[in-house]
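Undergrad: In case you want the letters, here they are:
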Amino acid sequence: AQKITQTQPGMFVQEKEAVTLDCTYDTSDQSYGLFWYKQPSSGEMIFLIYQGSYDEQNATEGRYSLNFQKARKSANLVISASQLGDSAMYFCAMRESGGFKTIFGAGTRLFVKA
Amino acid sequence: SQTIHQWPATLVQPVGSPLSLECTVEGTSNPNLYWYRQAAGRGLQLLFYSVGIGQISSEVPQNLSASRPQDRQFILSSKKLLLSDSGFYLCAWSRPDRGTSPLHFGNGTRLTVT
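Chains as they are written, first to last, in the working numbering: chain A, 1 to 114; chain B, 1001 to 1114.
FYI, nobody ran anything at the bench for these hints, they're computed from the structure. Among the hints, a few may not be true.
Simulated restraints on C-beta separations [said to hold, decoys possible]:
1. A:Gly99 / B:Glu1022: 23 to 33 Å
2. A:Lys101 / B:Pro1008: 39 to 49 Å
3. A:Gly10 / B:Gln1013: 29 to 39 Å
Taking beta-carbon pairs under 7 Å as the criterion, some of the chain B residues facing chain A (in silico) [said to hold, decoys possible]:
4. Leu1047
5. Thr1100
6. Gly1108
Note that the structure is a prediction, hence the values are computed from the model and not measured. We put the CB at the ideal spot given by N, CA and C, even for glycine.
Bound-form chain B, shown alone (with noise of 0.2 Å):
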């Protein structure tokens, strides 16, 4: 069965640190990848999507990037952060079809910036 893992669970920064969140995915080859941003009490934003090693799509590049090293791992980066990077932040994981595959979801990473 397929298992996607996503740390840390919570992370406390200050501003203009760097950031690096990772996800790996079990059991499955050549999966969608994506991170998604979840403010307090909202909807899910879509950040960084990538059909493979090396391919990353931005839907709201701001100050944070993705990579792919390996097929299964995906990885969340700033620079530095601002303090509106604070929010609840989720690895998902879909088969490569279109349209009718379901996202598989990690349990978030809680980024408070202060």
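Bound conformation, chain A alone (with noise of 0.2 Å):
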């Protein structure tokens, strides 16, 4: 069965500095997705950065890197120089290929500090 486990309930940095948010993974699959999503307080879920299980190279998005690691089923997001506006949750997700269910992690709430 798939299960998404981010381990880090709650995360400090300091403005500017880089911070890197855990999520394991498992699945039997060989082919899935993984995502990460931003939750700020109001509520809004925002989509930042996908990574397919056979992409070969790590996923980027501005600011936002993936750290995939497939064989220890680990695909950790990486905020570099972290904002104050980076202040939310993050939610860590996978859907297997072929599938329509996708499956959140417990979330890590990230403070940045000024």
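Both chains are given apart, each in its own frame, so use the hints to dock them into the complex.
TA: Below, the structure is given as structure tokens:
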């Protein structure tokens, strides 16, 4: 069965520093997609970045990059040069290719300090 | 560009009353549609998804139901609300491919059952 684990309930980072949010996953499928979403206090869910299981290079989108280690089944999100506006909940998610169901981790709350 | 509208933004309903939440998508055809629920401070739980008009798959049946009367309209309903139905409800859409398309969420409905 699919499972997403985010072991950091809360993280603090100084403004302008980089931070890594951890995500491990479990699946028996060889083909799947991994996603990260941001949820500010307003509640909306914002898609940040996607990594396919067969992608050989780590995905990057602006200040976001995904550190994908397939053998370890980890898909950590790296945010570079943190900004105050990055303070939010961050969710790791996965969907098996050929499926419709996206499952989410419990989330990590990130606090950026000035 | 594609947009998703979800309403109402907040709702306070007494136990035993009916519920109807509506979601519409613009700018795309034949989207996959989803209803998720988020308990306070928790991850997202998939309730229903739909790949076409009249096609509904239920993940957590309980006392909720969903309908898709039109291609880009998705409705979440209940005949009699329970206290445990309180939460943040999010509608989402994705392209009708499998695995790689991210979810795009509405702004959510915060439901309080009293």
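Undergrad: Let me make sure I understand: some of the numbered hints might not hold for this structure. Which ones are they, in numerical order?
TA: 2, 4
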